[in-house]
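A.B. asks: Chains as they are written, first to last, in this note's numbering: chain E, 98 to 182; chain Z, 42 to 457; chain S, 448 to 869.
Simulated from the structure, these hints should not be mistaken for lab results.
As the structure is a computational prediction, the values presented were derived from the model and not from experiment.
Take the hints with a grain of salt, since some may be wrong.
Looking from chain E toward chain S, a few residues come up when the C-beta cut is under 10 Å (computed) [stated by the list, open to error]:
| # | residue |
| --- | --- |
| 1 | D100 |
| 2 | L135 |
| 3 | S139 |
| 4 | G147 |
| 5 | M155 |
| 6 | P158 |
| 7 | P159 |
| 8 | E162 |
Computed cross-link-like contacts, BS3-like style, restricted to lysine-lysine with a CA-CA straight-line distance of at most 30 Å [unchecked claim]:
| # | chain 1 | residue 1 | chain 2 | residue 2 |
| --- | --- | --- | --- | --- |
| 9 | E | K165 | Z | K167 |
| 10 | E | K112 | Z | K167 |
| 11 | Z | K171 | E | K112 |
| 12 | Z | K167 | Z | K93 |
Just so you know, even glycine gets a beta-carbon here, dropped at the ideal spot from N, CA and C.
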Amino acid sequence: MSDRITVEELSELMKRTAGIAVSPQELAERPDIAFEELGIDSLGLLGIVGELENRHGMPMPPDAEHCKTPRKFLDLVNNTLLAGA
Amino acid sequence: MSEPPKRRAAVTGIGVVAPNGTSTESFWKSTEEGLSVLDRITREGCGHLPLKVAGEVRSFDPSAAVEERYLVQTDRYTHFAMAAADAALEDARLGRADTEGAPFSAGVVTAAGSGGGEFGQGELQKLWSKGSRYVGPWQSIAWFYAASTGQISIRRGFKGPCSVVAADEAGGLDALAHAARAVERGTDVIVAGATEAPLAPYSMVCQLGYRELSPVDDPARAYRPFTEGACGFVPAEGGAMLTVEEAGAARERGVPVRATLAGHAATFTGASRWELSREGLAEAIRGALAEAGCAPEEVDVVFADALGVPEADRAEALAIADALGGHGRRVPVTAPKTGTGRAYCAAPVLDAVAAVLAMEHGLIPPTPNVFDICHDLDLVTGCARAAQVGTALVLSRGLMGSNSALVLRHGAVGAP
Amino acid sequence: MTRRVAVTGIGVVAPGGIGAPAFWDLLADGRTATRGITFFDPTGLRSRIAAECDFDPVAAGLDEEQVARCDRYIQFALVAGEEAVRDSGIDLAGENPWRVAVSLGTAVGGTTRLENDYVLVSHRGERWDVDHHRAQPHLERAFTPSTLASTVAERFGARGPVQTVSTGCTSGLDAVGYALHTVEEGRADVCIAGASDSPISPITMACFDAIRATSPNNDDPAHASRPFDNDRDGFVMGEGSAVLVLEELEHARARGAHVYCELTGYATFGNAYHMTGLTSEGLEMAQAIETALDHARLDGSAIDYVNAHGSGTRQNDRHETAAVKRALGHHAYDTPMSSIKSMVGHSLGAIGAIEVVACVLALAHQVVPPTANYETPDPECDLDYVPRAARERKLNSVLSVGSGFGGFQSAVILTRQRERTR
């Protein structure tokens, strides 16, 4: 498994765990759009964090569930994965 | 000082997601024609179970009815409820703009028998096969009995009284009564009703313990109340929501009042104590008629509970006679649910919908699959019967012992 | 003539004590009943603590058949119901049964039992097409929570309106509120009202884990439930039941019953905002409080104590503080407000009724129960939370509030000596 989360993976996670469809292109083009605006609420983000923790077998930092945008989320999660690798 | 005029609860909108139709029009067409849609259960993972026949909602496409996120975040029973609520509010021409200015004057009431069982089974499976960390965030809000009320309130911006009766069958009528009373106390509009989705494998296993469940595999013979062939009931999924609105508020909006929720009463006589339900149901009928200010002779049709258990059918026939006197043997009685099955709490709500439509069409729908009545009742069978219907009495009893009666009057009542 | 509704009997099954006297001792002493989970092996869970009841159904008076047929949450309600009926001194056999109602709340009903049997029929989660041969007797009674009110009604011979209320964590307040309406509006003269839940099972713990709502303070369970404290980190799961006998006041007086207090106000609203999230303004809870005050014909200044929802989650305690300030104005600062969840945990649907009984007892003893574990103030929670020690105070009208998933906000008011302030 890759040790970096891509916009493709985030897009897939959003769709599968929260039922929110946003294309990887859109995430790449608008990384600073608020999750809330995309329809990902606090529970949706928790679901994504939980799924990532299960996939990678490691805990994500508590701040992950408070990230407001895809960019912040990917930065934080990828730094964590990098440090843990 | 003169008393303020009594606030009256009116039905101004109907939304249906039923085994025999997922719109009010298609539901009425099937109901009026006496079509039976009882059939072999086809839902995944259910084929091996000894319960073979049910009323499935097959023409419902959840992805067309609700936003994609709800498909992931909520159970099938909530999909039904959201779709039915949308339809009921649209039917009442009640848009966002109508409630935005006064969100506390619009509320939601649902009855729920078993909640989001299919969703819950999925999360239980993750927990026990993979571990607690695989339980997702939606279990906490999808499975519980209040899921539909909460989601509808949020989706429609309704901040008014939000209630949930977690009930047996009769609770569907109790939910409508709850809505009516909230309207009488001061809320302008409540979207109220019930939906159920009990046809998932584990939910079905749970129902196998009901001794009233029909063991018959032939869909045409499985659910035949009031006959010598009565052998229990057949379950169903789906349901209906009604827009219950203060009659004056409806008038101000220029929306026609389709029916008035005129009276209701509920009693309890013990789980599966069907002989006792005679007294309980009769008492509920008397209470509902008294609240409606309705003489027994004014009742133009009775929508029976029609459980299909001989002892219970007898008790119901006698209760109708006890409460309505001689009129009880003359009044047309019908049980369209023999064509759809009993969707638990939702069953009597569908009956209330059929009652409103019967009043509007001047047509009493028949009781599918039922012939050769063995009780002293004028049960409408075969085809629909033309009749002036101004007052309908809807009856329901639950497996846990509740009895409930609702009186509906055609159009507005006591309007100044 | 308005019908008034009296509380004439109470019964409680709560963590730390079975029966109202033991329950009140715990609250008055400010002791906590939260501990590491003993009901199952909680390894792997984020929150492994709970407020469990040490409950022996046979010792509590139930017979073998009741124990066999009834899920734990129904056993609780039967025991609390017996206590309440006994306490009220009412002879139910002498009452008109059609005028006796039941209104009981539960959030998750038979979930614990449903999970136990699920494990059997699914071969520990292996199969979707579950094996019905492995199901245990009476499973159908767990399938629908209406079994709760039905079983209690059968026990006490009630034949009036019998309902189970399930509005998540406001179920207990709402069940009491519906009972108030039922008696006040004349559909019954007596109502056995309350709530029960026994949610301490893997699936319920796991689902709150998943949304980080429960406290992960596993190293110090006794101090884990910290409502309004700046170091709070979620609620601690609880279980239990409380039942009240509510009676039309003249009916109670006619039989010379002891009247604890009157139930004078109730209201519930939705926030139409989020299934689990709360706004920081508390507008809808404030609306519930104001409407309940209208119902009770009281001004906010008449409230002498607020029994808080006080779950101990970050957002709840701020939301609630804002709501109470919005509804009571400056009077909020002069009014003690405490959360007994600091001691008995959060028993989901049951807790609202347990808190109403705590209010009845507070009025009876003229003592405000404390918020245990409250040490460090949160700048955004700036009311008087009655830290750690109970307080004597003249109490006449008290308010109990609750918030639940679905966005529900409910308020109940109890009054000792009724005197209209408006």
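A.B. asks: Now tell me, hint by hint, if it's right for this structure.
C.D. replies: Tested hints:
1. Violation of the interface hint for E/D100 is found here, the shortest Cβ-Cβ separation to chain S being roughly 24 Å, above the 10 Å cut-off.
2. Because the closest C-beta pair between E/L135 and chain S is about 16 Å apart, greater than 10 Å, the hint is violated.
3. The interface hint given for E/S139 holds, since its Cβ lies 6 Å from the closest Cβ of chain S, which is under the 10 Å cut-off.
4. With 10 Å as the threshold, the beta carbon of E/G147 comes within range of chain S, its nearest partner Cβ sitting at about 6 Å, so the hint holds.
5. The restraint placing E/M155 at the interface with chain S is violated, with a minimum CB-CB distance near 15 Å, outside the 10 Å limit.
6. This hint is violated: E/P158 has a C-beta 13 Å from the nearest C-beta of chain S, more than the 10 Å allowed.
7. Annotation: E/P159 was flagged as interfacial toward chain S, and the flag holds, the nearest CB pair being 9 Å apart, inside 10 Å.
8. Proximity of E/E162 to chain S holds as hinted, the smallest CB-CB distance being about 7 Å (cut-off 10 Å).
9. Restraint check for E/K165 and Z/K167: the C-alpha separation of about 28 Å stays at or below 30 Å, so the hint holds.
10. With a C-alpha separation of about 19 Å, the suggested pairing of E/K112 with Z/K167 holds against the 30 Å cut-off.
11. A hinted pair counts as satisfied when its Cα atoms are at most 30 Å apart, and Z/K171 with E/K112 qualifies at roughly 21 Å.
12. Straight-line distance between C-alpha atoms of Z/K167 and Z/K93 comes to about 27 Å, which keeps the hinted pair within the 30 Å bound.
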